[in-house]
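> So you can see what is in the structure, the chains are spelled out below.
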Amino acid sequence: MEKVLAKKSFPQWVKILSSYKIFAPVEKENLWNYELIENPEKVNLDYLNTVLSPKKIIFPQREIYLEFSAENEDGLKVEEVLPDEKPSVIFGVRPCDAKSLTLTDKVFGGDFEDIYYWSRRKQMALVGLSCSTPPSPNCFCLTVDGSPFSKDGLDVIMTDLGDKYFIETLTKKGEQLVSTAKALFKTPTEKDKKDLLKIQQEAKKLIKRQVESIKKIPPKLKEMFDASLWDEESMSCIRCGICTYLCPTCHCFDINDEVDSHSPLKGKRIRTWDNCQFPDFTMHSSGHNPRPDKASRLRQRIMHKFQYFVERYKNYQCTGCGRCISQCPVGIDIIEVLDKVRDYGA
Amino acid sequence: MERNTYIPKLAKITHVKEEVSGARPIKTFRIEFQEKNGFSFKCGQCAMLSVFGKGESMISISSSPLINDYLQFSILKMGRVTSSLHDLQVGDTIGIRGPYGNSFPFEKWKGKNLIFIGGGIGLAPIWSVLHTALGKKEDYGDLMLIYGARTSKDLVFKEELEELRKKIKVHLSVDVEEPDWKEFVGFVPLNVLEIKPSPKNAIAVTCGPPIMIKFVIQNLEALGFKDDQIYTTVENKMKCGIGKCGRCNIGMHYVCKDGPVYSWAELKNLPQEY
Amino acid sequence: MVNLEDLKKEASAVLKDEKVKYVIGYQKSSNGLMPAPVFINKPEDVEKLIWNPTCIHNLTRFLTDERQRKIKEKHPDERPVGLIVKGCDSRALVVLLQEKLISREDVYIIGVSCENAGVVDEKKLAKKFKDKKIERIEFDEKDNIVVTTKDGKTKMAASEILAERCLECKANFPVIYDVLLGEKTKRQPENPFQSLEKIESLSEKERWDFWKEQLSKCIRCYACRSVCPMCYCDECVVDTINFAVTADTTAEEKAQKIKWLEKSPVLSENFVYHFIRAIHLAGRCIDCAECERVCPLDIPIRFLNKKLEKAAKELFDYDAGFDPDHPSLVASFRDEDPEDFIR
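Residue numbers (my numbering), protein chains in the order written: chain A, 1 to 346; chain B, 347 to 620; chain C, 621 to 963.
Looking at chain A on its own, in the form it has when it is part of the complex (with noise of 0.2 angstroms):
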C-alpha cells in the first residue's frame, strides 16, 4: 500500500513501535552508525549513509556460539548461546544496503543454515531510505543491478518528499508496521505520486559514477588470475581490514576459544569479523600462505566479489555503496580497478 506521513509525525511512528527493538542511524561526533534506539523522539533520518553497515545487527561483529566449562563432576558440558529474538525493526536503510542482505543471506543459507544470522534475520522488519541524491560521490549501485529506488531487500521504502515522507508497504511485515499506526498516515495525492515520480527520475541521473560494460568482467576476470595488474594496482595498499569491513556484502569470519578460567575450564567460542586482506587470514599452520602477498589479496577480493561469487550466486557480490572507495586510506578504487580490468590487454 502507498501511504505518506508528516515528517514531524515520524517520531511519533517509532514511539508507536515500541514493542519491537529499533534501529536507527545515530550521529556521534559528525559520523553516522546504526544504533539501538532508547529514545524515540531523537530519530533522525536526515543524513547520507553510515560508516558500518547495518550487516552488523544482523551478523555482528562478535557473536559467541556457546560456552563451555567443566565445573562440576559431570565433566566437560557445552551450552548453545542463541541471540534473543524480540522482533526488531531497523529504519533508515539505504537500497544498497538492504541490497546487500539479500546477498548475504545467500551465504547464510542454504545448507547449514546459519541459525545465529537467521534468529536474528527472521525477525528483523527493513525501512529503506531512498537516495534522492547520491549519499556519498562515489555511489555506483546502477552498475551492480542496484538503483536508488531498489525495493530488493526491504519491507517498506520512505521517499523524503520535502515536509513528508513517501511510504510504500513491500512486505506482508512492512503493511503491518504501518497498520500499527494507522492514525499517522494518509493517502497520497495526486502531486505526492508526481513529485514522488519526479525525484524517481533525477535520482538516476545523479549517480555520476559507474563501470561501463561490467557484464564484460566476470568472463574477463577468469583469465586474468596471473594479470600483472594485480601487482601494480595492490602496491599502495596498506593492508588494513577497511575496505572489507565496512563493505556491507563482506561476510568472511573467525572462530575463536575465549578462555574465562583455566582450571576449572570455563569460556566461551566466538565469531568474529574476519578479513580477506589480512595476511594471516588464509596461512597454514605449517607457515604455507596460498595468498602471501598484497596482490594475490587484491586478486581474491575483486575476483570473489566479481567472478566467483557471480558465478556460484548469479549475482555481483557488490552493492555499489562506494564505501570502500571514499574510506580506503590510500585512495584504491575498485571502479578504476574494474575499468582496468575490462580493459586489459586491450
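Hint data in this document are derived by calculation from the structure and do not stem from the laboratory.
Warning: the hint list may mix true and false statements.
Distance windows between CB atoms, simulated [to be verified]:
| no. | chain 1 | residue 1 | chain 2 | residue 2 | range |
| --- | --- | --- | --- | --- | --- |
| 1 | C | D943 | A | E79 | 55 to 63 angstroms |
| 2 | C | E758 | A | D231 | 29 to 37 angstroms |
| 3 | A | D84 | C | W880 | 26 to 34 angstroms |
| 4 | B | A369 | C | S821 | 52 to 60 angstroms |
The C-beta atom is built at its ideal place from N, Cα and C for all residues, glycine as well.
Fit chains B and C to the supplied structure of chain A, relying on the hints for placement.
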C-alpha cells in the same frame, strides 16, 4: 539436517597410538561418541575436532564408514590446536562436528583397478578409501598401494601395512638411503614411474604434501592417466567447515564443502591457490 | 615556493639515469580531493606527480613493503627507491635508519619543504566547505591557503585549515635528503604539545570515560597499525600467529605463542591493543598522525602517541627521528636518566 551444526557433539578418546615420534609427531586417535548417535559419513569426508579452550581443527576421517564402533583420525602435530590434541589421552573428552565435505565417488569406480598413492601423513585420508574398497573387494579390480615417507620412522600405520601386504600389492619407499631398507629409495613420484601402474581401466587416488601431489599427477599423466582418472584431496586453512567463513575459498568453491575430494579434471580448472 | 615542475624534473632525472627502481610520490586520485600514492618507474610518468597541501600520506610506509619484496625475490633489484618526503616523513625515515630496518643506500630522498605551512585536515575542510566540491588547494606566496571551488577562490590563513600536527611541527623541512626543494624555513611552535591540553585538563574519571567511549567504537580494522611506518614487526604482539614461521619452527613454539588479546572488538581488548601499540611506539612515533587520519571511526588515537612523545621529551630530552646515528630511545640510556623507579 541438524538445527545448529556449529555445536560439537562430545566424544571420548578410546585409543591413542604414536605412529611417528620426533620433530613431526603423528598420533592416531580412536573416538567413540558419548551417546550412540549414528554419526554416518562417506569416504573422504572430514570432521572438525574441538579442544575446548584451544580451538578446532578439520581432520579427515581415516577409518572406513563400514566400521560403526569408532571414528579414527591420524593427526600431525603442527600448531596450537594439533599440539593440544596430541596432549590428549585415553578417556579424555573432545568435541566433534560434521561430517563435512564431499566424498570419493565410489559408484564411478566399480570394476576398475584402484591405485592408492600416498606420502607421509597423506596415507590417513587414503586409509578410509582403501579399507572401504577392501571391504567390498568384489566390486573393484586390482588394488595397489604406493606409499612413502621421509624415513622409515615417518611411515604411518606400520603394523597395519604389514597386514595389508597379505591382501594387496604394497610398494613402500623412503626418500633417502638408510641401513636395512630393502625397498625403493627416492621420492614417491619417482616410485610411481618405477612401478608403471597401467592407466587401463584404472583410477588413481593420491594424498600427501602438495609438492608430492604435483609430481605424482605429472607422472601419472606421463604414464597415460587421463585427468578424470586421478583423484586427490586438497588441504586448506578452515574454520567454519560449512562454506561460510570464506577462509578455504578457492575460485567459486569452498574446500570444506565442495571439496576436499577433487578429480584432477576439476582441480586444474580452479585457481591454483592452495 | 616549491615548484611542481622542479619536483618533476628531479624525479625524471633520477629515473632517466636509472639510479632508482621507481619513485614514490603523490598523484591525483580517481575519487575525491585527497591524492593517492603513485609508484613511477618511467621518466615520462612524472607528469602524474602533484604537490599541494593535500599531500598528506607518509610515503616512508612503503619502504617496509620494499624490504619484504627484496627478501622474497631470488634476484632482487638492489637499486634504491626514490621517495618524496616532507619533514615529518623524513623523521620516520630516520627512525627506520636508526633501527637498521633499512640502510641509507636503500633510498634516494627527494625532500620537499612545507615552508611554514603543512597539510590540510580533511575534516576541517569538510566543515568549512560542506557540500561544495573542492577543485584545487594551493599555498600562495604569503603562506595562505587558497581553496578553489565552483563558486570561486577562498583565501584563509593556513592555521585555520592545517592538520593539528602541522601546528605543532618540529621539522618544517626534511631532516635528511639527497636533494631538497623549497626553503629551509624554521618554525618553532610555542607549545609543541598544545593539543594535549584539552585532554590533560580532564580529571582522571573524565579521561577514563573519554577513552571508554572512544575505544568502544574501534572495529579492529588495524588501519592505524597498517599505515604506520614504524609498525613493521613480523611477530606482532597483537596477532595470534607469528609471520616469521619457517619449516623448522616446531609445533611447541607455535603453540606457546602467548595470546595477549582476543580477536573480539570489545572494550577490554581494544584498550590493550591501542595501549600496547602506543607503548611500542614510545620514542619512535614522529607524529605523522596517519593513524588518526585513516581511522574510519575517527578515534583520536594521536593523543596516546603524543602523550608518550611528551613523556620521552620531559623524562629523557628525546626527540624521535632527527639523527640516524643516535641510538633509539629504548635501546640506550644516559647517566642523567631519572632513576626514581629504583628503590
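> So, for every hint listed, does it hold in this structure?
These are the hints, each one checked on the structure:
Between D943 of chain C and E79 of chain A the beta carbons are some 60 angstroms apart, a value that agrees with the proposed interval 55 to 63 angstroms. Separated by about 34 angstroms at the C-beta atoms, E758 of chain C and D231 of chain A satisfy the suggested range of 29 to 37 angstroms. Between D84 of chain A and W880 of chain C the Cβ separation comes to about 32 angstroms, which falls inside the hinted range of 26 to 34 angstroms. The given range of 52 to 60 angstroms is respected by A369 of chain B and S821 of chain C, whose C-beta atoms sit roughly 59 angstroms from each other.
Taken one by one, the earlier hints all hold for this structure without exception.
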